[in-house]
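Participant: Listed below, chain by chain, are the residues.
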Amino acid sequence: MRILLALVCIGCMGVSIRSAAQATDCELVLNQATDEYNAGHFYSISSILTPCMNKFTREQRQRANLLLTQTYLLLDNPEEAEKSYLKLLQANPEFTVDESRDPIDVVYLSKKFTAAPIFSISGKIGMNTSPVQVIRYEYSTGVQSKSKYSLEPGWQVGLGGEWHIRDEISLNAEVNYVASGFKVSKTGFDGDLLESTDRQNWLRVPISLKYSVAEGKYRPYGYVGLSLDLLFKDKAEIITINKSEQDGTSIETVAESPSMDFTYRRNTVNRSFFVGGGIKIKYKLDYVFFDLRYSLGLTNVVNTNTQAEFSDSQDKGDPIYRYWYTDDNFRIDNLAISVGYIRPLYKPRKLKKARTKSLFKKIEKSDDVE
Amino acid sequence: MVEQPYRQDESVQLAETLVEIHPDLDNPFPGLRPFTVDECHLFFGREGQVDEMLVKMAKHRFVSVLGHSGSGKSSLMYCGMLPVLFGGFITQTGPHWHVIATRPGASPIDSLCNSIIEYLIATKRIDENEQTIHKAIINSVLRSGPDGLIEISRFLQENANENVFFLIDQFEEIFRHFNSGIEGAIDDAQLYVNLILNAVGQTKIPAYVSITMRSDFMGNCSSFTGLTELINASNYLVPQMTREQKKMVIEGPVAVSGGRISKRLVKKLLSEIGSNQDQLPILQHALMRTWEFWLSNREPGEPMDIRHYNAIGRISQALSQHANETYDELSSRDKGIAEVLFKSITEKNQENKGMRRPCRLSLVAELAEASEEDVINVVEHFRMSGRSFLMPAANVPLESNSMIELSHESLMRIWNRLDDWVEDEYESVTMYKRLSEAASMYQIGKTGLWRPPDLQLALNWQKKQKPTRAWAQRYDEAFERAIVFLDTSRITYEAELKNQEMMQKRVLRRTRITAIIFGIAFLVAIGLFVFAYLQMLQADAQKQIAIDQKKIAEDQTELARVALKKAEEQTALAESRWEQLQVAFDSLEKTTGKLEVSLSETQRQRNRAEQLMIEANQQRDTAQIQTALAIENFNKAEENYAKFNAQYMLTLAQTLATKSVQEDDEADLAGLLAMQGYHYHRRYNGKKYDPYIYRGLYYSLTKLSSSTYNEIKVPGVNKNRMNSLVLSSKSNTLYVSGTDGRIFTGDFTKLVSTATGIQNPYPNKVIALSQDENYLVNGSDSAFVQVYNLKSPKQKPVIINGFKGATNDIEFLPASTSFIVSSGDYVGGSYQLTKVDQATGTKETLVTLPYELKSISISPNGKQLAGATWTGQVVLVDLVTKAFTILVQEKAPQRILSIKYSPDSKLLAYGTDDPDNKRGLVKLYNFETKETRQFSGHRAGVYDVEFSADGKLLASAGSDRRLQMWVLESPEDLPIVMDNNNGFIWDIEFAKTSDYLIAACDNSEIRVWPTDPAILANQVCPKINRNMSADEWEKYIADEKVTYEYTCVGALIEDY
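Just so you know, the sequences run in chain order A and Z. The first sequence begins at 1 in this note's numbering and counts up one residue at a time. The second sequence begins at 1 in this note's numbering and counts up one residue at a time.
Rather than coming from a laboratory, the hints here were simulated on the basis of the structure. Built from N, CA and C at the ideal position, the CB exists for glycine as well. Fair warning: there could be bad hints in the mix.
Unchecked claim - When the alpha-carbon atoms are kept at most 27 angstroms apart in a straight line, the in silico DSS-like pairs for lysine-lysine are as follows:
| # | chain 1 | residue 1 | chain 2 | residue 2 |
| --- | --- | --- | --- | --- |
| 1 | Z | 550 | A | 87 |
| 2 | A | 362 | Z | 796 |
| 3 | A | 353 | Z | 796 |
| 4 | A | 361 | Z | 794 |
| 5 | Z | 791 | A | 361 |
| 6 | A | 284 | Z | 551 |
| 7 | Z | 335 | Z | 464 |
| 8 | A | 357 | Z | 713 |
| 9 | Z | 713 | A | 362 |
| 10 | Z | 794 | A | 362 |
| 11 | Z | 551 | A | 282 |
| 12 | Z | 796 | A | 111 |
| 13 | Z | 804 | A | 357 |
| 14 | A | 83 | Z | 804 |
| 15 | Z | 543 | A | 284 |
| 16 | Z | 550 | A | 284 |
| 17 | A | 111 | Z | 551 |
| 18 | A | 146 | A | 233 |
| 19 | A | 361 | Z | 796 |
| 20 | Z | 551 | A | 55 |
| 21 | A | 347 | A | 111 |
| 22 | A | 361 | Z | 713 |
| 23 | A | 352 | Z | 804 |
| 24 | A | 111 | Z | 804 |
| 25 | A | 217 | Z | 551 |
As the list claims (entries may be wrong) - Label-pair distances were calculated between CB atoms; the ranges are:
| # | chain 1 | residue 1 | chain 2 | residue 2 | range |
| --- | --- | --- | --- | --- | --- |
| 26 | Z | 533 | A | 298 | 30 to 40 angstroms |
| 27 | Z | 666 | A | 357 | 44 to 54 angstroms |
| 28 | A | 337 | Z | 555 | 37 to 47 angstroms |
| 29 | Z | 799 | A | 361 | 14 to 24 angstroms |
| 30 | Z | 517 | A | 269 | 45 to 55 angstroms |
| 31 | Z | 534 | A | 304 | 42 to 52 angstroms |
| 32 | Z | 789 | A | 51 | 49 to 59 angstroms |
| 33 | Z | 555 | A | 357 | 27 to 37 angstroms |
| 34 | A | 275 | Z | 534 | 25 to 35 angstroms |
| 35 | A | 357 | Z | 534 | 35 to 45 angstroms |
| 36 | A | 51 | Z | 751 | 42 to 52 angstroms |
| 37 | Z | 456 | A | 175 | 57 to 67 angstroms |
What the hints assert, rightly or not - Looking from chain Z toward chain A, a few residues come up when the C-beta cut is under 7 angstroms (computed):
| # | residue |
| --- | --- |
| 38 | 716 |
| 39 | 717 |
| 40 | 719 |
Okay, chain A solo, but in the shape it has when bound (with noise of 0.2 angstroms):
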């Protein structure tokens, strides 16, 4: 087993070395062609890099097509310079130009082609908690008290998919599995206490609209929008504590409930409104983001229906008649933070219509700086 690690150590040493040493090769490669640009000698630049165009790193790569992109502009070949400037994309799907840096009329070609993702896909999990917004309160156990709701830990994970229709605005649709929970404490006659702890399973399908800084490494965003909440499984124990007096001093009788279900209790489709925001930190060419966000349940979560149904099915369990609980009416918010992983869907393209007016202005602006 041992002697296996090793080798396949020393295997990927090998390649590492291999491939460090092909990134080495091509790194003079690429010297080599930079001397002659510089040189003047641009007709020999495509042969040179021709060898190491399929063994750059991708840095390399981008610095070769940068290069190859200049030397084709000198050559009045645009054809072949725009598709330099789109494989220095695909190399590079972030690469900006810079006025200061890069011969103006690359600047000018840059203009007619984006990188910009119009899709990114993401993944996060997180956790949450669910505070409870009664609507009517029921009183089952024959006192005019209160449920007290109390919170609870839950968790969530999801999947996304983000429509960029803008740089700094997009389309989000996400599918998160949401497992949230809360607890219920009613009291009855002399202080019998009964505490339920529900746990609910959700499929919740949000679509928002978010608003993101689209530079820097450290982006901050935020979003609003709906969100669909199919309530798939709701379990739930009771705990009932009958206080009673004997001989002088009380007696607290604890029982325990089986876990039940309450699904069948519940409205399966619910929705809500939900606002958010976090910061989306840039990692290479993807996204690390913290997020924060609160949804706001905006139906009725309990079935009325089924509200007072008794019964006698086994893992249902007869709270009402056995605990003589009854749900209140009332909607379940929900506070979840979470930490994902985006991935933008790069598409280096040629535009329709190339962006030169801004630069035009930009242009002229620089000399009045001057």
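Since the structure of chain A is provided, determine the placement of chain Z on it from the hints.
Facilitator: For chain Z alone, kept in the frame of chain A given last:
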């Protein structure tokens, strides 16, 4: 209403019938106890059975009545046999009978003795006060030997005809006594049996014995010799009653007592009692209870009916109910005693069968930890008349030695509470026995201490039963040992538990500490993770900065490298020049040496001539001709000297210029050397365009000012490529177009430039100025050209559309408002040259060519157009005939980048790019001689060639970033090189006066080079602050014959 009268009649009838009932108040049913002799009138159902017994007894003087418990043995004896005897049953001796009824009890002999005494007192044969002495006598007689009973019988006889009958009820008690283990009990029992055997074995005295015994004790009889034989000889097994007999049992006593019983109750009783003989006492009891209830609750004329029977709990519950009632009447203290009492007198055998077990009253008191009186009270309560749950019967007085026992075993089965007690007791005993056994095993080391669940069960037992020594001793003697064992087990286990608990606590504590540590570690890990992540982010940022820095450094390194390379190139160049100079210098020195030799020779000749002249003077007459000759020689020598001296000085001038280029340390010195060289060069009539002198002056200026002193930087971005340049022929104005889409104008003498209003959002490529300099034509990479009116800059340009590709070149036709456009106008396999009238904007295709002309030049005479292609052709187009010819075809991959006619149209210059050899050439074609001269020196493509307006100079420039200028009068001379610009050179123009050369370069740069060294020289001295020192003069001039002079007069004035 119809039925009412009938019902009334019926009730009246019933009342009449029932009104006759006058029952006795005495209960006709004895309950659990047997019938007594006094109750014979109530005894029914055994008629006829007595006769058989009597026959057996008459024959054997002995009869044993056998039957199982509750079968009615005793009752049969008391109410069946005894009445017959008293009635005068006649034997051989007579009809008179003495009947002694006894039971073996706890002490058979004593019991027998007591019974005899009782009989004697009852028959008044002895006084009650004398019973003690009689008792002692009788006792001693009985114990005197086996014939004791015979003696007693004889004593009882008042005459010889009287019969003596001993009724020994419950004979099985003898076996219990026999097995009791009491000292002397065995002898006692044996004696008792022997007494009976002897009594019935003789015939002298008419003594008869009858025993009743439970049939299940038959086997025990073999313990006594002779007893079995005796029983075998004469026994009577009590038969099962028939249904009719049972009916008699029920109805008989009722009838006798004047009561009535309904038929249906009788039927019910008979069906419920079934065939179980054992149930007889229970039936009796139920009837007794029903009778009592009926008596107190009956309605007038009502017979005993199911109602009454049901009320007392029927056969199944009557006994239990009765016993419970009795029990419930007790105080709680007495209840406790009762429980102990009943537990003491019952037991459960191995077959799980309840058994009676008589117990001494004193022992019960001890077990119950109560006084005997209390116990007696309780016993009395249970045996009082009408209850008789306990024996002895109510009439027998109790004392501490009295054996208390259950009246009937069926009570154990029927009384639930007792059943429970029996079960409890059984379990308790079982537990105790197990415990005791375990204790004994432990003592001998065969087992360990107890642990749960055994221990827990035993402790529960101890807590609940509170076993006492007295209780325990009845089952196992070693009570203390058992208890000690139990305590030891408990203490050990508790210690173990405590230990375990401590261990668990410790483990729990340890677990908790571990959990806390892990928790803290987890938090720390999270913290570290966050910290690490932040660090990573920071590191990333740092890395990015480092990468940026590295890039900057690399850029700078690159720049440095380029600079170094350039420096190296320059050094190499300088070295090569130096070598050339050295060679020149050497040749100069040689020449100088020769000259010196010549000079000295000349001097010598002059001296000689002088000598000769003197001689001639002396010999004037004779040598006048020779004198004239000598003068002529002298003049020649003078001329030669001047000539060689001039050459020497020119060489010195070049040397100084070269030294000036090499002088890097001090700009002033470099300037002085260049100027001094320039002075000598001028003074000794050097050529105007000397490359050494030019370089010396030019580089001294770059040192004195800066390397960009001749630069015009156009406004805007840094990397603007200046593609095309045109100059005004009337002023110093220039126009230059850039790839940023704008056109700039400037003054090349003032070195300034500004943007014109002309601007496009795409790269410009080429501009051309009309001859009247009112219009500027601009071609870009778009398929049209724009014509701008320079006189009215606000006016929109005229757009000439209709081209199919980017513009390559534009040239105005001489003395015309038309211009020719060469574009990438590829139509149907050919390219077009288009002629455009600037004034009208009309456009015509001049000629179509199979080549794309990248550069064009129109001959100044307007007859011909020459075009250069990137495929290596020079194409000549006759503008009159519009025919084209190929003048030159260079070998591939050579390209021709630029082309230009000389002002006199006789020469055509073109610049090439030779990628294979990495060089560019300037070629000059002479239309007259058809010869081509080649100028080398460029190391990359020559992007432009230009003639000076006077046609004397030819300049070229290209992507090797250098500009070369040849003097066409002396084409073999080295060219003047101008090469300190920053980027590629795309276009050059001579000023109309030919004294300036202007270049449009990369990187937003325009360079202005004077062609005439004098212009440069004029700029040098004003920048110098001193003149050469004597030492410097000596060092750099290094010739004593060349006298020191001030190089810059201005500096001298300043010095002064």
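Participant: Does each hint fit the structure? Answer for all of them.
Facilitator: Results for each hint:
1. Z:550 - A:87: Satisfied, since the Cα-Cα distance of roughly 25 angstroms is no more than 27 angstroms.
2. A:362 - Z:796: 22 angstroms, holds
3. A:353 - Z:796: With Cα atoms ~24 angstroms apart, residue 353 (chain A) and residue 796 (chain Z) stay inside 27 angstroms; holds.
4. A:361 - Z:794: Cα-Cα ~18 angstroms, so holds.
5. Z:791 - A:361: Given pair residue 791 (chain Z), residue 361 (chain A) holds - Cα atoms ~25 angstroms apart, limit 27 angstroms.
6. A:284 - Z:551: 18 angstroms, holds
7. Z:335 - Z:464: OK: residue 335 (chain Z) and residue 464 (chain Z) at ~16 angstroms, within 27 angstroms.
8. A:357 - Z:713: The given pair, whose Cα atoms are some 24 angstroms apart, holds under the 27 angstroms limit.
9. Z:713 - A:362: 19 angstroms, holds
10. Z:794 - A:362: It holds: about 21 angstroms lies between the C-alpha atoms, which stays within 27 angstroms.
11. Z:551 - A:282: 20 angstroms, holds
12. Z:796 - A:111: 26 angstroms, holds
13. Z:804 - A:357: 23 angstroms, holds
14. A:83 - Z:804: 21 angstroms, holds
15. Z:543 - A:284: 12 angstroms, holds
16. Z:550 - A:284: Given pair residue 550 (chain Z), residue 284 (chain A) holds - Cα atoms ~18 angstroms apart, limit 27 angstroms.
17. A:111 - Z:551: 24 angstroms, holds
18. A:146 - A:233: 26 angstroms, holds
19. A:361 - Z:796: Within the cut-off at roughly 19 angstroms; holds.
20. Z:551 - A:55: 21 angstroms, holds
21. A:347 - A:111: 15 angstroms, holds
22. A:361 - Z:713: The given pair, whose Cα atoms are some 20 angstroms apart, holds under the 27 angstroms limit.
23. A:352 - Z:804: The given pair, whose Cα atoms are some 20 angstroms apart, holds under the 27 angstroms limit.
24. A:111 - Z:804: 23 angstroms, holds
25. A:217 - Z:551: 19 angstroms, holds
26. Z:533 - A:298: 30 to 40 angstroms: Cβ of residue 533 (chain Z) to Cβ of residue 298 (chain A): about 37 angstroms, so the range 30 to 40 angstroms holds.
27. Z:666 - A:357: 44 to 54 angstroms: With Cβ atoms ~53 angstroms apart, the hint holds.
28. A:337 - Z:555: 37 to 47 angstroms: 43 angstroms, holds
29. Z:799 - A:361: 14 to 24 angstroms: Holds: the Cβ-Cβ distance is about 22 angstroms, inside 14 to 24 angstroms.
30. Z:517 - A:269: 45 to 55 angstroms: The hint (45 to 55 angstroms, Cβ to Cβ) holds, given that residue 517 (chain Z) and residue 269 (chain A) are roughly 48 angstroms apart.
31. Z:534 - A:304: 42 to 52 angstroms: 50 angstroms, holds
32. Z:789 - A:51: 49 to 59 angstroms: 53 angstroms, holds
33. Z:555 - A:357: 27 to 37 angstroms: Holds, since residue 555 (chain Z) and residue 357 (chain A) (Cβ atoms, about 30 angstroms apart) stay within the stated range.
34. A:275 - Z:534: 25 to 35 angstroms: 27 angstroms, holds
35. A:357 - Z:534: 35 to 45 angstroms: 42 angstroms, holds
36. A:51 - Z:751: 42 to 52 angstroms: 46 angstroms, holds
37. Z:456 - A:175: 57 to 67 angstroms: Roughly 59 angstroms apart at Cβ, these two residues keep to the hinted range, so it holds.
38. 716: With a closest approach of 5 angstroms, the residue 716 (chain Z) hint holds.
39. 717: Since the shortest Cβ distance to chain A is 5 angstroms, the answer is holds.
40. 719: Residue 719 (chain Z) check passes; min Cβ-Cβ to chain A is 5 angstroms, inside 7 angstroms.
The structure is consistent with each of the numbered hints, conforming to all of them.
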